[in-house]
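Colleague: Following the hints, position chain B against chain A.
If you want the building blocks of each chain, they are given just below.
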Amino acid sequence: MRSLLIRVYPARWRARYGDEFEAILEERALGPFDVADILLGALDARLRLRGRGADLQKGTGFSMSLRVGGTAAIVGAVLFPAGLLISFLDESDDLFPGAGLILAGTAAILVALIGLSSFQARQHPRLIWAAFALPALGTVMSCLGLVGMALVGDDELVAGMSPWSIWMLGLLATIVGSALFALATYHTRALPRVAAGALATGSAVLLFVGLFGSTGIVPGIDIAAPALTFAGLIASSIGWIAMGWTAIRLDQPAAAAAA
Amino acid sequence: MESKVPVFGRFAEPSLLILVSLSDGPKHGYAIMQDVEAGTGRPMGAGTLYAALARLEEQGLIEPMAPVDRRRPYRLTAVGASNLAEQLRGLSEYAQQGLRQLGEPRS
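Chain order of the listed sequences is A and B.
295 is the number that the working numbering gives the last residue of the first sequence; the numbers go up by one with no jumps.
110 is the number that the working numbering gives the last residue of the second sequence; the numbers go up by one with no jumps.
No wet-lab data here; the hints were simulated from the structure.
The C-beta atom is built at its ideal place from N, Cα and C for all residues, glycine as well.
Hints should not be assumed to be uniformly reliable.
A few chain B residues facing chain A, derived, Cβ under 7 Å [stated by the list, open to error]:
{"hint": "1", "residue": "Lys30"}
{"hint": "2", "residue": "Gly32"}
{"hint": "3", "residue": "Tyr33"}
{"hint": "4", "residue": "Pro46"}
{"hint": "5", "residue": "Gly50"}
{"hint": "6", "residue": "Thr51"}
{"hint": "7", "residue": "Tyr53"}
{"hint": "8", "residue": "Arg74"}
{"hint": "9", "residue": "Arg75"}
Listed next, with one range per pair, are the computed distances between beta-carbon atoms [to be verified]:
{"hint": "10", "chain 1": "A", "residue 1": "Phe266", "chain 2": "B", "residue 2": "Ala41", "range": "57 to 65 Å"}
{"hint": "11", "chain 1": "B", "residue 1": "Thr43", "chain 2": "A", "residue 2": "Asp190", "range": "50 to 58 Å"}
{"hint": "12", "chain 1": "A", "residue 1": "Arg43", "chain 2": "B", "residue 2": "Ser26", "range": "32 to 40 Å"}
{"hint": "13", "chain 1": "B", "residue 1": "Ala41", "chain 2": "A", "residue 2": "Pro46", "range": "26 to 34 Å"}
{"hint": "14", "chain 1": "B", "residue 1": "Glu40", "chain 2": "A", "residue 2": "Asp190", "range": "49 to 57 Å"}
{"hint": "15", "chain 1": "B", "residue 1": "Ala41", "chain 2": "A", "residue 2": "Cys179", "range": "39 to 47 Å"}
{"hint": "16", "chain 1": "A", "residue 1": "His223", "chain 2": "B", "residue 2": "Gln104", "range": "53 to 61 Å"}
{"hint": "17", "chain 1": "B", "residue 1": "Thr43", "chain 2": "A", "residue 2": "Glu192", "range": "53 to 61 Å"}
{"hint": "18", "chain 1": "B", "residue 1": "Leu91", "chain 2": "A", "residue 2": "Leu83", "range": "27 to 35 Å"}
{"hint": "19", "chain 1": "A", "residue 1": "Pro46", "chain 2": "B", "residue 2": "Glu89", "range": "29 to 37 Å"}
{"hint": "20", "chain 1": "B", "residue 1": "Leu102", "chain 2": "A", "residue 2": "Val254", "range": "52 to 60 Å"}
{"hint": "21", "chain 1": "A", "residue 1": "Pro46", "chain 2": "B", "residue 2": "Gly63", "range": "47 to 55 Å"}
{"hint": "22", "chain 1": "A", "residue 1": "Leu40", "chain 2": "B", "residue 2": "Ala81", "range": "35 to 43 Å"}
{"hint": "23", "chain 1": "A", "residue 1": "Leu83", "chain 2": "B", "residue 2": "Ala81", "range": "24 to 32 Å"}
Per the computed footprint, the stretches of chain A lying under chain B, defined by three or more beta-carbons under 8 Å from a beta-carbon of chain B, are [stated by the list, open to error]:
{"hint": "24", "segment": "54–67"}
{"hint": "25", "segment": "73–80"}
{"hint": "26", "segment": "153–165"}
So that you can see chain A by itself, here it is in the shape it has in the complex (with noise of 0.2 Å):
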């Protein structure tokens, strides 16, 4: 991988930068902001070779990520509740706007990972690839359960299973990429505890309704599936809200001094 994110540079950086570039990735654990600032750099070293410069874009790389991510997460926390409720409470067969809503808040929820995870990828980098994984893998199963849901409704789609089958493990993976994520960030106490315990919290409840809900294995659970569900939601919601929102405070002092 880390060859291959070199490569991504043109050839003549990577005359000049490139093996003390390489010592310096092999240093330590890559995480998502490591890649995607990789990436951003790559763009850079690109444009200003072609004269264009890229003094035009605002904040720093670390900035960029922290206010990026902390938007996204505020975004992803308001859209994908919305959606649920929305499909929860639509008693038609249309699928959207709720399921577009779940949809968009997937992907806000991808971005946040990426943007917050850079604290975080240093002590934890395994955990953080797989909580920047497993909802990547979400958003395109809920892509193609969407798709699925519009051409065949409720036919089998692929290896038995219906568009909504997949459009729901979709949904699960993002929920247990959010616990993963919030584990990581009450262990390394990059972002304030209470909102990862929040977060951790919710996606908990919500994965267990997930799991159980209509499965009768757990007595009672489907009368009180409801009310969990909109618990865990509500939890796993102000968890973001929170990291979001101290995410894009942290980014204000570092904005001020750069002024």
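Modeller: Same frame as chain A, but now just chain B:
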């Protein structure tokens, strides 16, 4: 705040942090990253580091030294040291002004 410091756009802050890191002696890239993270509590990505290093080198504020293994140390030039001092004085005055506006005593 009038300044003769070259304009680094989005890399102004990382550039300043790198100059500060090099102010106590030459360092290679990874040592700069560790230094910045320890000093600010904020990680600096390798992409940002090298984008800023390239600009600083281009402006003559730092210069590369002979590599040791594959690690290449960088050091401040005289122009770089002068520019860093100018930036820090400007920031210090700005910080003092902010503290006065907040009604806090000067340190």
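Colleague: Evaluate each hint against the coordinates.
Modeller: To see whether the hints hold, each was checked on the structure:
{"no.": "1", "hint": "Lys30", "result": "violated, 12 Å"}
{"no.": "2", "hint": "Gly32", "result": "holds, 5 Å"}
{"no.": "3", "hint": "Tyr33", "result": "holds, 5 Å"}
{"no.": "4", "hint": "Pro46", "result": "holds, 5 Å"}
{"no.": "5", "hint": "Gly50", "result": "holds, 2 Å"}
{"no.": "6", "hint": "Thr51", "result": "holds, 4 Å"}
{"no.": "7", "hint": "Tyr53", "result": "holds, 6 Å"}
{"no.": "8", "hint": "Arg74", "result": "holds, 5 Å"}
{"no.": "9", "hint": "Arg75", "result": "holds, 4 Å"}
{"no.": "10", "hint": "A:Phe266 - B:Ala41: 57 to 65 Å", "result": "violated, 44 Å"}
{"no.": "11", "hint": "B:Thr43 - A:Asp190: 50 to 58 Å", "result": "holds, 54 Å"}
{"no.": "12", "hint": "A:Arg43 - B:Ser26: 32 to 40 Å", "result": "holds, 34 Å"}
{"no.": "13", "hint": "B:Ala41 - A:Pro46: 26 to 34 Å", "result": "holds, 32 Å"}
{"no.": "14", "hint": "B:Glu40 - A:Asp190: 49 to 57 Å", "result": "holds, 52 Å"}
{"no.": "15", "hint": "B:Ala41 - A:Cys179: 39 to 47 Å", "result": "holds, 42 Å"}
{"no.": "16", "hint": "A:His223 - B:Gln104: 53 to 61 Å", "result": "violated, 39 Å"}
{"no.": "17", "hint": "B:Thr43 - A:Glu192: 53 to 61 Å", "result": "holds, 54 Å"}
{"no.": "18", "hint": "B:Leu91 - A:Leu83: 27 to 35 Å", "result": "holds, 30 Å"}
{"no.": "19", "hint": "A:Pro46 - B:Glu89: 29 to 37 Å", "result": "holds, 33 Å"}
{"no.": "20", "hint": "B:Leu102 - A:Val254: 52 to 60 Å", "result": "holds, 59 Å"}
{"no.": "21", "hint": "A:Pro46 - B:Gly63: 47 to 55 Å", "result": "violated, 23 Å"}
{"no.": "22", "hint": "A:Leu40 - B:Ala81: 35 to 43 Å", "result": "holds, 40 Å"}
{"no.": "23", "hint": "A:Leu83 - B:Ala81: 24 to 32 Å", "result": "holds, 30 Å"}
{"no.": "24", "hint": "54–67", "result": "holds (count 9)"}
{"no.": "25", "hint": "73–80", "result": "holds (count 7)"}
{"no.": "26", "hint": "153–165", "result": "holds (count 3)"}
The structure does not agree with the numbered hints 1, 10, 16, 21 stated previously, though it agrees with the rest.
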